[in-house]
Amino acid sequence: DVKVTQSSRYLVKRTGEKVFLECVQDMDHENMFWYRQDPGLGLRLIYFSYDVKMKEKGDIPEGYSVSREKKERFSLILESASTNQTSMYLCATVDRSIVHGYTFGSGTRLTVV
Amino acid sequence: AQSVTQLGSHVSVSEGALVLLRCNYSSSVPPYLFWYVQYPNQGLQLLLKYTTGATLVKGINGFEAEFKKSETSFHLTKPSAHMSDAAEYFCAVSEGKTSYDKVIFGPGTSLSVIP
Numbered sequence: 212d213v214k215v216t217q218s219s220r221y222l223v224k225r226t227g228e229k230v231f232l233e234c235v236q237d238m239d240h241e242n243m244f245w246y247r248q249d250p251g252l253g254l255r256l257i258y259f260s261y262d263v264k265m266k267e268k269g270d271i272p273e274g275y276s277v278s279r280e281k282k283e284r285f286s287l288i289l290e291s292a293s294t295n296q297t298s299m300y301l302c303a304t305v306d307r308s309i310v311h312g313y314t315f316g317s318g319t320r321l322t323v324v
Numbered sequence: 006a007q008s009v010t011q012l013g014s015h016v017s018v019s020e021g022a023l024v025l026l027r028c029n030y031s032s033s034v035p036p037y038l039f040w041y042v043q044y045p046n047q048g049l050q051l052l053l054k055y056t057t058g059a060t061l062v063k064g065i066n067g068f069e070a071e072f073k074k075s076e077t078s079f080h081l082t083k084p085s086a087h088m089s090d091a092a093e094y095f096c097a098v099s100e101g102k103t104s105y106d107k108v109i110f111g112p113g114t115s116l117s118v119i120p
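Protein chains in written order, with this note's numbering: chain X, 212 to 324; chain C, 6 to 120.
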């Protein structure tokens, strides 16, 4: 089975800090995604990447950036954390065909104080 | 733009009763459809999917869903609820033209099972 590992389950950061959320997958999947999940809003796509060093904006990229230097690792960066970025962050991966559906990591619950 | 609607943000059923979680989507092309389940403080797990072929699909843990193109629906059912089914359920749709086509998620339905 594909494993998607997010480095932290819970994270507390201060307003203005630069925050790195890491996601690593142990299969050779091309595509990786970062979502944030908020009550009543479902999952919203922040960024995705379909190849090393490639990135595409999702629906809510403002305040975020990403890095994909290696195929297995996709990092989400909060340049200057704000309280409205308090959320659950989910990383997902999928191979070349969407037919198998996404595989998600366990999530990182980020609190910005 | 595609959208996914899940009727009822919270559903309660008694243990042993039928579970019915509703999902409707807007898509002008035959979509790929998914149901995911999320247990507390965990990521999402694929429950079942419809891509092509038989419109009634079976998933894990006794769940199934039926794709009805005329109604643009993909409702999730389980004949008899178990306490362990209490979780958040998300319906999702993708046009599936490319492997990185966006998957649109519904807002989720929280299922409670009453003993």
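It is worth saying that the hints were derived from the structure and are not from the lab. It is possible that part of the hints are untrue.
What the hints assert, rightly or not - Only some residues are given here: those of chain C computed to face chain X with a beta carbon under 10 Å:
id, residue
1, Q11
2, S17
3, A22
4, N46
5, Q50
6, L61
7, F95
8, I109
9, G113
10, S117
Note that beta-carbon positions come from the ideal geometry of N, C-alpha and C, so glycine has one too.
*Closest C-beta approach of G113(C) to chain X relative to 10 Å, hint status*: 5 Å, holds
*Would you check whether S17(C) satisfies its interface hint, that is, whether its CB is within less than 10 Å of any CB in chain X?*
17 Å, violated
*asked:* Using the nearest Cβ pair, does A22(C) come within less than 10 Å of chain X?
replied: 25 Å, violated
_Interface hint outcome for Q11(C) [beta carbon to chain X under 10 Å]_ = Holds: closest Cβ of chain X sits about 8 Å from Q11(C), inside 10 Å.
*Would the hint on L61(C) stand, with a C-beta cut-off of 10 Å toward chain X?*
17 Å, violated
*Closer than 10 Å between Cβ atoms is the bar; does F95(C) clear it against chain X? Give me holds or violated.*
Holds - the Cβ of F95(C) comes within 10 Å of chain X, reaching about 6 Å at its closest.
_Would the hint on S117(C) be counted as holding, given a Cβ-Cβ threshold of 10 Å to chain X?_
Violated: closest Cβ of chain X sits about 15 Å from S117(C), beyond 10 Å.
*Report holds or violated for the interface hint on N46(C), using the least CB-CB distance to chain X and a cut-off of 10 Å.*
7 Å, holds
*Given Q50(C) was flagged as interface, is its beta-carbon under 10 Å from a beta-carbon of chain X?*
7 Å, holds
_Please check whether I109(C) passes as an interface residue: C-beta within 10 Å of a C-beta belonging to chain X._
9 Å, holds
The earlier numbered hints that this structure contradicts are 2, 3, 6 and 10.
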